[in-house]
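If you read the sequences in order, they're chains V and D.
When you number the first sequence by our numbering, it's gap-free, plus one each residue, and the end is 341.
When you number the second sequence by our numbering, it's gap-free, plus one each residue, and the end is 341.
FYI, nobody ran anything at the bench for these hints, they're computed from the structure.
From the three backbone atoms N, C-alpha and C, an ideal C-beta is built for every residue, glycine too.
Accuracy of the hints is not assured; some may be wrong.
What the hints assert, rightly or not - So the derived label-pair ranges between C-beta atoms look like this: (1) His296/D to Gln279/V: 34 to 44 Å; (2) Thr28/V to His146/D: 51 to 61 Å; (3) His296/D to Lys338/V: 17 to 27 Å; (4) Gln119/D to Gln284/V: 50 to 60 Å.
2 protein chains.
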Amino acid sequence: MVETIQWTDNAVVMIDQTRLPLEEKYVTCRTYEEVAEAIRGMTIRGAPAIGVAAAMGVALGVLHASERDLDGQFATICETLARTRPTAVNLFWAIDRMKRLYGTLGGHPLAGIRRRLVQEALLIREEDIAVCRAIGRHGAPLVPDHKTVLTHCNAGALATAGYGTALGVVRAAIESGKKIDVFADETRPFLQGARLTVWELQQDGIPATLITDSMAGHFLHSGRIGCVVVGADRIAANGDVANKIGTYPVAVLARENQVPFFVAAPISTLDLTLASGDQIPIEQRPAAEVTNLFGHPVAPAGTAVQNPAFDVTPARYVSAIITENGVARAPYEDSLKKLAG
Amino acid sequence: MVETIQWTDNAVVMIDQTRLPLEEKYVTCRTYEEVAEAIRGMTIRGAPAIGVAAAMGVALGVLHASERDLDGQFATICETLARTRPTAVNLFWAIDRMKRLYGTLGGHPLAGIRRRLVQEALLIREEDIAVCRAIGRHGAPLVPDHKTVLTHCNAGALATAGYGTALGVVRAAIESGKKIDVFADETRPFLQGARLTVWELQQDGIPATLITDSMAGHFLHSGRIGCVVVGADRIAANGDVANKIGTYPVAVLARENQVPFFVAAPISTLDLTLASGDQIPIEQRPAAEVTNLFGHPVAPAGTAVQNPAFDVTPARYVSAIITENGVARAPYEDSLKKLAG
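Required output: the full structure, derived from the provided sequences and hints.
Structure follows, in structure tokens:
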């Protein structure tokens, strides 16, 4: 399986997700600023994966920090990484975890602080893979056999440290013996479905069919789709789910056609400080992502564009939220709080 | 305003809709086979426009036909044009109208038959513009003022002989003094919204904002959209509407958010011989439309694709069907039959 992100020789190595599937190119970030830029520019994307990247970025920053005003430098490193993307909460969760650890290391020699922060970042990466496998185990029984799973965007190995959340459920269902295939929404504007999901499923020999986002309704209506499984970027206390733009339409169309709509996400994606999804900040990305495809303009010059990168699916459309600690069902206020422990 | 299709010097001249908005290039078809190829390859598209093109194609075919076995040649011309695209009924409606006229001309001199067929094709074109203006007049009062109209695909001047159906309603609403703007779904895979709708609205100075298809739900939920107006490729007797793939999701999301969903189409788009939309043939188009953008692959080689070009919106999601003869509302079995006369 492809390695999404690794720590090697005091650097962070990532597969460049802007180049896939045409090129399998790896990018090496040697400074925390380079990690921040890789997150902002979507060289690495996917809520759990950018959490791992941010943790490694913090470790990398401290590796190059000087003894003098370490606290000030640490704060700058964390702020820089936190300012990259606003919606996925895993980013802030990972930075906070690194901050908490750093807070316990006051007075330690710098070499020791560095070693512990690197260890923690590596641990976050290892835990993420284990969490995805647990999500898969909990989700696999929910997937109807001999049917098609519809997914949106890429919540696969490439969106995590490995195995995936939504695609982890698909992988686990297949490992448990189910005969399923996947329909992948291409996921405009960034085409994560076409470029990443199809590619990663092909690597594993899982049958995948590519459709445009506009076709999901047609196939949900057709009876072919057994369930929808998607990832999440942030889940509010009431179960509202922020995920890649286009998720909300799929959820509405799934319910309209009595197809279960599952969200697969680690506990680190929960933001129980927010009562509802209305409070989740929605990132606006550059117009050029919509008006240009590979440098080729698809709209007249000067076209006005809206480009929200995420939407919020109200909890009433969500059949279940699959986490590493188990499966939450409505009412989510109770079930999520219980699973979060 | 741009001329979508014209009859000039015994040839059919069309703006090449595969090149817009980057190039305003006109294509001249000198044989009916070239017209058929232009329809199949979507040089011209939009249900009313391909009806006009087919009528002109029939006239062009007979212009080059010989005296010997004219009936056989006429049948071949009509069959060739009818085999180009299966879903839009206006194509068959226009060919049938030319066939009926031809049937009344038995025994006439060939020159006279040719003249009458050319006249009829020109009349169909002129009528189409008048029909669009009437649709606009009937539709304008339905458009909420000071709000945004969402549209999918291109049901504008470029999809008709001029003025447009859905965009005819927008134009008429603005001419009646309403302050509205348009959100245009880009409409993958062929990008008619990005390439054609935005371009044609800019030509007329109508404010337009481009979004991906996946964003329509987000904005329908936001309260900004006053109504949806789309065109149609075929409408069954019960009011089920076949239109560009992605229309059905917009209709479901509109109803879910209490936004009126209007279909604007000429009476020639009605197919009252079909009891419901289940019987409408749905064209499957080449996989390369999904996997390649301007020759640039967006998915791994060998990716399996589904590419239905249309979907069917059940009548229960349609708030009204706006025709040149008036506005039909549910129950459509009665209202459509009445308007069809």
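To see whether the hints hold, each was checked on the structure:
For histidine 296/D and glutamine 279/V, the hinted distance range of 34 to 44 Å is satisfied, since their beta carbons lie about 39 Å from each other. The hinted window of 51 to 61 Å between threonine 28/V and histidine 146/D holds, with their beta carbons roughly 53 Å apart. For histidine 296/D and lysine 338/V, the hinted distance range of 17 to 27 Å is not satisfied, since their beta carbons lie about 48 Å from each other. The hinted range of 50 to 60 Å is satisfied by glutamine 119/D and glutamine 284/V, whose Cβ atoms lie roughly 54 Å apart.
This entry does not satisfy hint 3, going by the numbered hints stated previously; all others are met.
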